[in-house]
Amino acid sequence: MNVSQEAFQAGILDPERPAPTGLCNPDGAQATKRFDVYRNNVAVSLSDALEAAFPVIRKLVGDQFFRAMAGVYLRKHPPKSPLMMFYGEAMPQFLRRFGPALSLPYLPDIAKLELAMRRAYHAADAQTLDPQALGALAPDALLASRLRLAPAVQVVKSDFPIHAIYLANTVPESPKPVMQPECVLITRAGFDPQVHLIDAAAAKCISALIDGAPLAETLTDETLELGATLALLLGQSAVTDIY
Amino acid sequence: MFDQSHDAPLPALPGVGYKPQHYADIIKDPDPVGWLEIHAENYMGDGGRPIAQLRHLAERFPISVHGVGLSIGSEGDLDPDHLARLKHIDDWLNPASFSEHLAWSTHDSHFLNDLLPLPYTEATLAKVASHISQVQDTLGRQMLLENPSSYLAFAESTYSEPDFLREIVKRTGCGLLLDVNNVFVSATNLKTSPQAYIDAFPVDAVGEIHLGGHDEDEDETGAPLLIDSHGKAIVDPVWALLDYTLARTGPKPLLIEWDNDVPEWGTLADEAKRAARALSGIPA
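Top to bottom, those sequences are chains A and B. Sequential numbering from 3 applies to the first sequence in my numbering. Sequential numbering from 445 applies to the second sequence in my numbering.
Hints listed in this document are in silico derivations from the structure and should not be mistaken for laboratory results. Watch out, some of these pointers could steer you wrong.
[Unchecked claim] Pairs of lysine to any residue, SDA-like flavour, derived with a Cα cap of 20 Å:
#: 1; chain 1: A; residue 1: Lys-35; chain 2: B; residue 2: Lys-614
#: 2; chain 1: B; residue 1: Lys-463; chain 2: A; residue 2: Ala-51
#: 3; chain 1: B; residue 1: Lys-614; chain 2: B; residue 2: Lys-635
#: 4; chain 1: B; residue 1: Lys-531; chain 2: A; residue 2: Asn-43
#: 5; chain 1: A; residue 1: Lys-35; chain 2: B; residue 2: Glu-662
#: 6; chain 1: A; residue 1: Lys-35; chain 2: B; residue 2: Ile-671
#: 7; chain 1: B; residue 1: Lys-676; chain 2: A; residue 2: Asn-43
#: 8; chain 1: A; residue 1: Lys-78; chain 2: A; residue 2: Asp-16
#: 9; chain 1: A; residue 1: Lys-35; chain 2: B; residue 2: Asp-648
#: 10; chain 1: A; residue 1: Lys-82; chain 2: B; residue 2: Leu-527
#: 11; chain 1: B; residue 1: Lys-635; chain 2: A; residue 2: Asn-171
Chain B on its own, in the form it takes in the complex (with noise of 0.2 Å):
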């Protein structure tokens, strides 16, 4: 199905979301992160700054390739040439790791820049794994698939996420990047439990895990609806459910996200730090 021939495989220590404006921090950095992540479309352009300072990382840090447009979770066929550029970039940087999201972007070639949710039915279970096993495929590695942020449900879907999540991973061989912020938010929206979740999510497949901050609103209905925004400082609700996790899932990758109001580099590299500290089993 695919080879296992690429670069070792991300170390379970804390990395963090690449941004350009940390380049020199983390360069000169004397407790440097285990690991870096990027967002494979910035690095899609012909050349220049972005993909030189790429280069000179991928030198130093074992490198994960995230995307954030593939639209896996598509109605449609996949983009083809994004798909060849996805694979220009794992040819040249041959990174540690790949991974996607379970959510979809594009629809009738117009690109939506979200990631938006799709309900969990047989037909969108077939169109997803097949989606999965062309990409893994392409690239001739196993992908990471992370579960999304929701916000809202579907009165169509039959299955459960963790249930829908088993049942690709046992179809494409794929694995799991398990986004602990996301459990929390979508548990509150939809107001079940992120304990029960993570019990029942296939934690033998899991590569990698995510952490990150959200923003807090209400609905209609005045019920906590809470959004993924990759804007602020982790809240301790999800330290704690990162610890709960880790009891299940062993040490792993695990990757700290801060994409909006981006803060200094000693910020990011103290939430690092207290993600080391959960790694090693101290309660964070």
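So that you can see chain A by itself, here it is in the shape it has in the complex (with noise of 0.2 Å):
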């Protein structure tokens, strides 16, 4: 009896399913728990991979919740790459629908902020481009340019505070978490990605400046403090060249 890569992959990810016939222990016998460490490897593995991915989710849910959890999510969206360090991109659709998760409807953004942060830490380097480029410019010129952010740069909305909730759960006597939307601008200046909270404001601003559009084109909301954006962007190194 062959035994075909699709068989034993589906034995590997469905503990209902018997071992492929065909494997065998030293005997001859028909494997089943020497085939159950493949499948206890896999799962470990996975899982591991994917509380690495989400510390601050396993802080919200608990260990024992988070391992269940992991242990369906796995079955369901195995990895598509054999880059571990990206594994789980799709947790927020999963945890929108993930029955014993609906009670905590934040969980969804908090994984898609924790994505962020794993994309941001292994974005490309960037050179920073320095301020007095910006000042140097007169004002229509500045108008009329685009600011090329770092590669780690990104912004996530949210309807939950999912700023104060991150913080509460990486940052030691951080205050309590209000119930309001909240908006964070991920940077990496060095090797560590920041957390910064914005207003939606300057997160309509800066998901532009991501896009390309021309500074004039991004300043659509008249709350927006453009100052104190730009020095935001500027102090975190994240402004790489204008053109």
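Build the complex from these two chains, which are given one at a time in their own frames, with help from the hints.
Set out below in structure tokens:
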């Protein structure tokens, strides 16, 4: 009996299935527990990867819940690439439909934030623009130009206090989150990504800059504090070029 | 087939599997290990700390790039994107060595993050040999292929593992990475002799040796079932098998692997010192 990799994989991902026929113990008997070694290796290594990717989610739901949830996730969404540093891309969508977690409606956005932090950690290094370059431009020229932001820079918007929840679970003695919408800017001046609370107007502006819009077209919100927003980006080494 | 214009090969000294938590200790250790191994997949991001640390380490140590995700034993084709990522690392790092496993981990675009076994038949031999030739042609270098840990056997196999590996070497010109702990784990699990495996192994092709710790369990009949966990110290019978192996191979680059429950640097450095004694002919 030949064992196809299709049958082997199906057995690995479905603990209810018997081990494929043709896999043997040393005495020639059908392997059972020996096949479970592979099942277990796969489940443990993928659960470990998810724990490493979502430390805040894990803190919010507890170890036991997280482990059980990871077991469901890894069978529904096995990795599509050998780059385990990015495993878990489908977690926000998964959490939106995972019944036992629906009482914590902010979890999907926290997952989005944690995924963005990982991407920022592994993003390409970038040369920082000297802030003088902006000051040297006449106002009209400045408004007509585009800013290139570092590859690590991202914006995550939420109807929930994701910045406060993130801090409360990563920084000791942070204030208790208050239920309100929050937007987060992620930057990486050195090697460690940082989260910054920004208002909705700044989030809109920075998202448009990331998409390559000229500065003039990012000023759609009249509450935008442009000076403070640019100062934040420049201060966090988030701007790499003006063009 | 492939050129040999790469940097100097790994030295016949102990090396360790690099873990980021040991970075500062490795840099300041007054009696440094001979070389470091990295898992290729952990350095496939675009930048940031992992790449910066690797660049810095590569200025001080010979680096061995060890792939854990290429799935050379796949029934299907190699993932061209993944092969391109390996080529990219190989190009900028120009490591002393590249190695991968006789195993598969990807099927139908799902990656299972484990080294899964394959039967040893004419069909799998042809497939594995063609994958290895593709890797060597892409990277422009010889690669080393590592023997796996086995927990079970395939009824359909027609080759012993050493014969299968010897035939792959003959067809592709690749070298072999002999994992002595894997030999011990497989022989215990399959009730064969680890010494007989070493006796049958094509030692002329060995370019590197791996050593690591394993866990102990039992199967449903009460027979010992060893798990290749890389989460413990190396046990004495594996050190003894290393002595037996070195008597056949002579000194080789010798890696200490410790990937789970990673200890303080000192514990790992002590294992490397024991490996150094074994390499100089003092029984480990």
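Here is how each hint holds up against the structure:
Taking the CA atoms of Lys-35(A) and Lys-614(B), the gap is near 36 Å; set against the 20 Å cutoff, the hint is violated. Our distance criterion of 20 Å between C-alpha atoms is met by Lys-463(B) and Ala-51(A), whose separation comes to about 16 Å. Between the alpha carbons of Lys-614(B) and Lys-635(B) the distance comes to roughly 28 Å, so the proposed pair goes past 20 Å and is violated. Of the pairs offered as hints, the one joining Lys-531(B) and Asn-43(A) is violated, with about 28 Å between alpha carbons and a cut-off of 20 Å exceeded.
Proposed proximity of Lys-35(A) and Glu-662(B) is supported: the alpha carbons are some 9 Å apart, at most 20 Å. Using a Cα cut-off of 20 Å, the hinted pair Lys-35(A) and Ile-671(B) holds, with the two alpha carbons roughly 12 Å apart. For the hint pairing Lys-676(B) with Asn-43(A), the CA-to-CA distance comes to about 16 Å; that is within 20 Å, so the pair holds. The suggested pairing of Lys-78(A) with Asp-16(A) holds, with an alpha-carbon distance near 10 Å, which does not exceed 20 Å.
Distance hint between Lys-35(A) and Asp-648(B) is unfulfilled; the C-alpha atoms sit about 36 Å from each other, more than 20 Å. A hinted pair counts as satisfied when its Cα atoms are at most 20 Å apart, and Lys-82(A) with Leu-527(B) qualifies at roughly 15 Å. Simply put, Lys-635(B) and Asn-171(A) have alpha-carbon atoms about 50 Å apart, too far for the 20 Å limit, and the pair is violated.
Of the numbered hints listed earlier, those contradicted by the structure are 1, 3, 4, 9, 11.
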